[in-house]
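These protein sequence lines map, in sequence, to chains A and B.
Numbering of the first sequence is given in this note's numbering, commencing with residue 1 and proceeding in unit increments.
Numbering of the second sequence is given in this note's numbering, commencing with residue 149 and proceeding in unit increments.
It is worth saying that the hints were derived from the structure and are not from the lab.
Do not take every clue at face value.
Restricting the straight-line Cα-Cα distance to at most 30 Å, the calculated cross-link-like pairs of lysine-lysine (BS3-like) are [claimed, not checked]:
id, chain 1, residue 1, chain 2, residue 2
1, B, Lys-283, A, Lys-29
2, B, Lys-166, A, Lys-33
3, B, Lys-170, A, Lys-34
4, A, Lys-57, B, Lys-151
5, A, Lys-29, B, Lys-170
6, B, Lys-166, A, Lys-54
7, A, Lys-34, B, Lys-366
8, A, Lys-33, B, Lys-449
9, A, Lys-29, B, Lys-389
10, B, Lys-170, A, Lys-33
11, B, Lys-265, A, Lys-36
12, B, Lys-166, A, Lys-34
13, A, Lys-135, A, Lys-2
Covered, in the sense of this in silico footprint (three residues per stretch, anywhere, with C-beta under 8 Å from a C-beta of chain B), are these stretches of chain A [claimed, not checked]:
id, stretch
14, 1-7
15, 74-85
16, 125-138
Ideal Cβ placement from N, Cα and C applies to all residues, glycine included.
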Amino acid sequence: MKVAIFPPNSLILADLIERRGHEPLAIMKEIRKKVKDAEIDSPPMNITEEDPIKGLKYAAIEVPSGVRGRMSIFGPLIDAAEAAIIMDEAPFGFGCIGCARTNELSVYYLRKRGIPTLELTYPTTREETMELVNKINTFLDQLEEKNG
Amino acid sequence: MVKIAQISCGTEYSGIQKEIEKAAATFGAEIVIPETEIDYIDEAYKKFGFNCASSGIRLMIARAMSIVEGKSDADAIFIATCFRCAEGALVRNEIRRFIQDNTRLPVVTYSFTERTKADELFIRMEALSTIVARKNILAREKQEGLTLGIDSGSTTTKAVLMENNKILGTGWVPTTDVIKSAQEGTDQAMADSGYKFEDLEGIGVTGYGRITIGKHLKAELIQEELSVNSKGAVYLANRQKGEATVLDIGGMDNKVITVNDGIPDNFTMGGICAGASGRFLEITSRRLGIDVSELGPLALKGDYKKGLLNSYCIVFGIQDLVTSLAAGGKREDVAAAACHSVAEQVYEQQLQEIDVREPVIQVGGTSLIEGLVAAVSDILGGMDVIVPENSQYIGAVGSALLVSGMGNRQEKL
Chain A
1 MKVAIFPPNS
11 LILADLIERR
21 GHEPLAIMKE
31 IRKKVKDAEI
41 DSPPMNITEE
51 DPIKGLKYAA
61 IEVPSGVRGR
71 MSIFGPLIDA
81 AEAAIIMDEA
91 PFGFGCIGCA
101 RTNELSVYYL
111 RKRGIPTLEL
121 TYPTTREETM
131 ELVNKINTFL
141 DQLEEKNG
Chain B
149 MVKIAQISCG
159 TEYSGIQKEI
169 EKAAATFGAE
179 IVIPETEIDY
189 IDEAYKKFGF
199 NCASSGIRLM
209 IARAMSIVEG
219 KSDADAIFIA
229 TCFRCAEGAL
239 VRNEIRRFIQ
249 DNTRLPVVTY
259 SFTERTKADE
269 LFIRMEALST
279 IVARKNILAR
289 EKQEGLTLGI
299 DSGSTTTKAV
309 LMENNKILGT
319 GWVPTTDVIK
329 SAQEGTDQAM
339 ADSGYKFEDL
349 EGIGVTGYGR
359 ITIGKHLKAE
369 LIQEELSVNS
379 KGAVYLANRQ
389 KGEATVLDIG
399 GMDNKVITVN
409 DGIPDNFTMG
419 GICAGASGRF
429 LEITSRRLGI
439 DVSELGPLAL
449 KGDYKKGLLN
459 SYCIVFGIQD
469 LVTSLAAGGK
479 REDVAAAACH
489 SVAEQVYEQQ
499 LQEIDVREPV
509 IQVGGTSLIE
519 GLVAAVSDIL
529 GGMDVIVPEN
539 SQYIGAVGSA
549 LLVSGMGNRQ
559 EKL
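Working from the sequences, and respecting the hints, build out all of it.
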């Protein structure tokens with residue numbers, strides 16, 4: 001199943017999903033597609049003026065361009081998601097796209113989709129971490145069962 | 149090469165990073181990103197003390213701290229956040245103050261949209277580059293020798309002849325052919341001075357036509373308006389130290405520049421609507437059958453609330469004034485309403501975007517319209533608005549001041 005993650009660039013969440021045989025919907029893959037497009041010349045991520053305009057599908061014109069630019073990449077992933085894992089209060093190193101307003105909007109859209117969603121809080125101890133990984137694995141395995 | 153440290157949030161996702169780098173490169177500068185380690189971000193953020201939700205903005209704070217604490221090296225700072233982001237706007241200004249309070253680095257701030265292009269950033273990058281590379285020129289507080297300043301504006305060309313910190317003569321001509329207009333302005337400024345063109349020790353040029361005129365006259369200084377007008381305004385208003393805001397409501401465009409010790413650090417330029425320009429007041433005067441110089445005193449006698457003006461548009465606005473007059477409205481109320489309308493639009497379109505600092509120094513031809521100055525002060529909640537003597541010659545005075553001390557042109561020619 002296609003599983004959206006939040007933060008959308010969390011390598012750890014993407015890896016856990018892949019290990020359980022699902023497809024993580026992470027923005028790294030989308031950015032890679034842009035960066036590899038030889039026809040676009042807008043470093044560092046090849047996002048152009050057109051992307052924040054595409055983001056208008058998710059946020060109105062009065063919303064800052066940075067939010068709309070982020071949503072132009074993350075929004076279609078939310079639309080394509082069949083399940084989601086949301087991690088709250090994660091530190092920078094876990095994954096981060098820099099903008100609190102985009103975070104609020106993304107989480108809201110994920111919840112609104114009505115797809116199976118696992119919401120977690122970032123662990124602070126070893127025990128919590130093990131419990132969290134188990135929860136994620138159980139959630140992903142159940143998706144498999146439902147799917148199959 | 150001048151190193152400009154970029155402290156920003158949202159430039160990559162707005163697709164404008166390339167434009168920023170292009171603008172800097174055009175003026176011989178390079179954009180650098182202050183380095184910060186992950187642990188340092190939290191440490192710097194806590195030390196700074198501004199609670200913010202966005203991690204991108206926390207990173208901005210850490211980068212600013214890294215500059216202030218000497219962990220990163222830069223010659224100038226460019227601070228930018230997304231237009232309409234409240235958190236970004238708050239932190240942008242606080243970081244600007246923090247850097248200015250703790251370093252001697254020049255700072256320019258900007259709020260961008262996905263439409264921001266390199267040419268909109270040119271004047272800012274040129275100003276930053278100038279401040280770094282020509283610091284000694286901007287440090288000048290007194291005019292010395294015999295110098296000429298020319299401001300080639302979009303509607304008028306101004307020239308000022310100065311000698312040892314005094315204005316000897318001025319010239320004011322409508323801009324037609326830029327070189328011809330500059331020549332006429334110069335002739336007016338030099339007439340009765342007893343000096344000939346060959347006697348000049350330096351020529352400084354600013355404004356839209358600066359490059360053409362500068363090359364033609366072999367000027368010693370060809371400089372954008374941001375640095376020149378800031379310097380000219382604080383010099384004429386005798387506010388060379390501390391903070392100030394320079395407001396220039398022009399015939400075609402408006403500029404608002406915030407300055408710190410005479411050095412510009414933020415700037416907005418508007419020019420979309422003629423209803424917010426000096427042109428609107430010129431047409432109002434014509435409709436009232438008076439010279440534009442009489443509009444200010446007339447407006448001071450009126451009450452803008454009694455003059456019907458429902459539109460900001462120059463066409464519909466004038467129509468409103470005509471209707472108001474036809475219905476028996478007083479001319480002074482109509483004049484006051486016109487001044488208030490221009491001030492209100494400048495406030496809504498530009499002053500709101502910028503961190504306005506007292507005193508406000510109003511310059512340019514429209515600063516001579518007292519009714520407009522009073523309306524600006526009123527709209528800013530009674531803020532102190534200074535109109536220095538010779539405020540209409542701001543760019544020319546700034547150029548004559550800055551070029552003095554750049555060496556004697558007779559020795560070079």
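- Query: Is the straight-line distance between the alpha-carbon of A/Lys-57 and that of B/Lys-151 30 Å or less?
  - Reply: With Cα atoms ~38 Å apart, A/Lys-57 and B/Lys-151 exceed 30 Å; violated.
- Message: Checking one constraint from the list: CA of A/Lys-135 to CA of A/Lys-2, max 30 Å. Satisfied?
- Response: Given pair A/Lys-135, A/Lys-2 holds - Cα atoms ~18 Å apart, limit 30 Å.
- CA of B/Lys-170 to CA of A/Lys-34, is that 30 Å or under? 20 Å, holds
- Message: Between the stretch 125-138 of chain A and chain B, are there enough contacts, at least three residues with CB-CB distance under 8 Å, for the coverage claim to hold?
- Response: violated (count 0)
- Keeping to a limit of 30 Å between CA atoms, is the pair of A/Lys-33 and B/Lys-449 held or broken? Answer violated: A/Lys-33 to B/Lys-449 is near 66 Å, above 30 Å.
- Item | Proposed proximity, A/Lys-54 with B/Lys-166 (alpha carbon, max 30 Å) | Holds: B/Lys-166 and A/Lys-54 sit about 19 Å apart, inside 30 Å.
- Are the Cα atoms of A/Lys-29 and B/Lys-170 separated by 30 Å or less? 28 Å, holds
- Task: Below or equal to 30 Å on CA atoms is what counts here, so check B/Lys-166 against A/Lys-34.
- Result: Judged against 30 Å, a Cα distance of about 15 Å means the pair holds.
- Query: Are three or more residues of the stretch 74-85 of chain A within 8 Å, CB to CB, of chain B?
  - Reply: Violated: only 0 residues of the stretch 74-85 of chain A have a Cβ under 8 Å from chain B.
- Query: Between A/Lys-34 and B/Lys-366, does the CA-CA distance stay at or below 30 Å?
  - Reply: 48 Å, violated
- Query: Taking only the CA atoms, is the gap from A/Lys-29 to B/Lys-389 under or equal to 30 Å?
  - Reply: 53 Å, violated
- Query: Can the restraint linking B/Lys-170 and A/Lys-33 be considered satisfied, given a maximum Cα separation of 30 Å?
  - Reply: 24 Å, holds
Consistency with the previously given hints fails for numbers 1, 4, 7, 8, 9, 14, 15, 16, ordered from lowest to highest.
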